[in-house]
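Under UniProt numbering, residue 255 is the last one in the sequence shown; the count climbs by one each step, no gaps.
Simulated from the structure, these hints should not be mistaken for laboratory data. Nothing false has been slipped in among the hints.
Distance windows between CB atoms, simulated:
(1) Lys200 <-> Asp51: 42 to 48 Å
(2) Thr34 <-> Lys200: 42 to 48 Å
(3) Gly95 <-> Asp23: 46 to 52 Å
(4) Met158 <-> Ser31: 48 to 54 Å
(5) Ser94 <-> Thr34: 44 to 50 Å
(6) Val189 <-> Asp79: 28 to 34 Å
(7) Thr2 <-> Ala93: 36 to 42 Å
(8) Thr239 <-> Ser90: 21 to 27 Å
(9) Phe219 <-> Asp79: 28 to 34 Å
(10) Arg91 <-> Leu167: 17 to 23 Å
(11) Arg204 <-> Gly29: 39 to 45 Å
(12) Ser37 <-> Met158: 42 to 48 Å
(13) Val147 <-> Arg16: 38 to 44 Å
(14) Leu130 <-> Ser18: 41 to 47 Å
All values reported here derive from a predicted model rather than from experimental measurement. Cβ coordinates follow ideal geometry from the N, Cα and C atoms, glycine included.
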Amino acid sequence: MTAQRRGQIVELVHGRGSMRVVDLAARFGVSEVTIRSDLDQLEGEGRLMRDRGGALPSGQTRTVTTLPGMELRAGLNVDSKRRIAAAAASRVASGSSLLLDAGTTVVEMVRHLSRVNGLTIVTNALNVALAATASTDARVMMLGGVVGGDSGSTLGSMAEGMLKDLLVDQLFLGAQAADLENGLTDTNVEIAQIKRAMMKSARRVTLLMDSSKWETSGFIRVAPMTSVQTVITDEGLATEARQALENLGIEVVVV
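Given these sequences and hints, build the entire structure.
Laid out in structure tokens, this is it:
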């Protein structure tokens with residue numbers, strides 16, 4: 001609950017430009033002491049700046065160095081991820097072929113595909129494959145390879161080799177970090193490599209990214225932002241960031 005609340009605080013601060021401690025305490029039903037502790041932690045992480053009586057958006061790109069575990073990621077920004085997932089699923093046509101990246105938002109998206117018939121779903125994520133098998137009538141293809149413990153997905157040359165033979169209609173891609181200057185970045189070499197291979201195997205790339213990922217940067221480049229045709233995100237994305245993406249010809253869907 002603490003991680004989820006803090007993620008939502010960041011979204012509110014960035015979406016509204018500022019938030020007061022008293023208002024945040026009332027919104028989340030916790031004490032002002034708890035909110036101040038949240039803000040101190042978030043400022044230390046570079047996700048916002050403390051101000052007298054509240055918080056302001058952070059104007060600097062935050063560096064990420066590791067991929068949080070799957071259980072932790074699943075509890076972050078849950079409401080935003082659900083809205084993003086539903087919006088992504090609404091853009092899938094019956095009979096189409098999909099390539100689905102590993103990620104908690106993508107798993108949620110699959111659960112919204114139960115009424116979309118005749119799909120072919122290709123994925124390297126164990127949980128995505130299981131969810132697709134349970135929730136849809138899709139033909140599910142699992143990429144081979146070595147399973148990465150942090151990502152719960154197959155990685156390496158075997159998975160990348162299988163992708164060379166594929167050309168799918170849409171790739172729904174997650175991101176660990178993204179910003180305008182560096183594009184999509186990551187902290188794991190093998191994950192970065194499989195994402196690049198996926199992008200080469202799709203006619204259209206849609207990025208599923210809650211706003212907490214924007215203006216953050218890993219140390220491994222994945223691809224420039226211009227490699228993406230559509231970004232589906234939440235209301236926490238700053239207007240300036242949305243305009244910058246649209247100026248690159250990228251469709252931005254805010255939910």
